[in-house]
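*Asks:* Residue numbers (our numbering), protein chains in the order written: chain R, -16 to 60; chain D, 376 to 638.
Worth flagging that the hints you see were computed from the coordinates, not collected in a lab. Note that the coordinates shown come from a computational prediction; the quantities given were computed from them, not determined experimentally. From the three backbone atoms N, C-alpha and C, an ideal C-beta is built for every residue, glycine too. Treat the hints with caution; some may be incorrect.
[Stated by the list, open to error] Only pairs whose alpha carbons sit at most 27 angstroms apart, straight line, appear in this in silico BS3-like list of lysine-lysine: (1) K(-9)(R) with K588(D); (2) K53(R) with K(-8)(R); (3) K54(R) with K588(D); (4) K434(D) with K414(D); (5) K(-3)(R) with K588(D); (6) K53(R) with K588(D); (7) K588(D) with K(-8)(R); (8) K424(D) with K434(D).
[What the hints assert, rightly or not] If you want the ones that stay clear, here's a sample from chain D, every Cβ over 10 angstroms from chain R, calculated: (9) F386; (10) L404; (11) L408; (12) M444; (13) L478; (14) L513; (15) Q525; (16) G540; (17) V544; (18) Q551; (19) H582; (20) H616; (21) T622.
[What the hints assert, rightly or not] Here are some of the chain R residues that sit facing chain D, going by a computed Cβ distance under 7 angstroms: (22) E(-14); (23) F(-7); (24) S(-5); (25) R55.
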Amino acid sequence: MIETILMKKFSSWKLSLFFSFIAYSAVLFFIIVVDVFGRRDFDPLEVGLITVGYMGAVMTMLAIGFIVFKKRMNSRI
Amino acid sequence: MICIPAPVVAFLFLGPIGFGSVLLLFILLSYGLYRYSGKILLKWYKAEKVGTLENLAKKAGVPSLDMYMFNHHHPIIFTVGTRGNFDIAVSSGAMGLFDASELEVMLAREFGHVLNDDVPMNTIVALFAGSLASVSTLALWGALLGGFGQDFDPAPRFIRFLGMGLVAVPSSLIAQLTLSPSRELLADAVSVELTNEPQLLAETLEHVQEYIKHYPIPLNPGHVHMFPLNLLSLEEFYDIHLSLFNTHPDMDIRVRNILGKVN
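Throw the hints in and build the complete structure from the sequences for me.
*Replies:* Laid out in structure tokens, this is it:
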């Protein structure tokens, strides 16, 4: 049901990028869990650095993807 | 790309000797992948050599190409190879669906790719993008073997969807940034020049597109740019990542372009 609404409202490549972001966020959560369990301590600075570094790389890739796919999908020869 | 950071990391941990050996290893690996990427892809599809294409090669003015066949229900034809050694692979589905003249126009398109020098880039991209995209299949198998249910159950499909979410963007970016949709129009034009059958080529392409709509089969999305048209179909929500892999021009434009050659 919700899938149909999403697919009607947004183009599939935008949805794909959004769910890629969700998938990468899930991996970040897993990395943080492993880090916290490994150290047996929650170090906010370290977790913050991991999050900023990881999300920076992910957002850069998704931003490049957004520009490329927008150009390609909207202007098919 | 990996050739640059890997030796730097090796230098930080192992010093100059580590840097040199890792750099040499990556150069050898890159050369091996470049040289054998075509053969790796043919092995991927378990294709077997069945003969050579001489008549079309003579018409196109290129050395004769080896023809390979593999089992697949979809009508798939693609050309692989680097360094001037190219091979054409044809699926059993294509042999069943096309008659002799349809097969000829489709094979002539592949010679178009050879003449336009698209094949080495297509092959390298297929190897890297295809390998990345197959991670989602590994995720599915992991879910199945991990006891999450059968392949049609929601949990394994969702795990595959997440896996595809991780690899779809980098994998499709490799294809989108390195390949131009115009290469297909140029290959169509060469096919028309070689066979003088624009109507047949247009009809065959449209026929294949209709066929795909009725008989969708999962394919490795990282390989789809090598095929004559986009064979991926978005059947359900879990397939949305496949939309990123379309590097082909729209069929209407292709048909207009093909028929425009005679009108």
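*Asks:* State for each hint whether it applies.
*Replies:* How the hints compare with the structure:
no., hint, verdict
1, K(-9)(R) with K588(D), "20 angstroms, holds"
2, K53(R) with K(-8)(R), "16 angstroms, holds"
3, K54(R) with K588(D), "26 angstroms, holds"
4, K434(D) with K414(D), "25 angstroms, holds"
5, K(-3)(R) with K588(D), "23 angstroms, holds"
6, K53(R) with K588(D), "25 angstroms, holds"
7, K588(D) with K(-8)(R), "23 angstroms, holds"
8, K424(D) with K434(D), "22 angstroms, holds"
9, F386, "21 angstroms, holds"
10, L404, "24 angstroms, holds"
11, L408, "23 angstroms, holds"
12, M444, "32 angstroms, holds"
13, L478, "26 angstroms, holds"
14, L513, "15 angstroms, holds"
15, Q525, "21 angstroms, holds"
16, G540, "3 angstroms, violated"
17, V544, "5 angstroms, violated"
18, Q551, "5 angstroms, violated"
19, H582, "21 angstroms, holds"
20, H616, "5 angstroms, violated"
21, T622, "8 angstroms, violated"
22, E(-14), "4 angstroms, holds"
23, F(-7), "9 angstroms, violated"
24, S(-5), "4 angstroms, holds"
25, R55, "6 angstroms, holds"
Hint violations for this structure: numbers 16, 17, 18, 20, 21, 23, all remaining hints satisfied.
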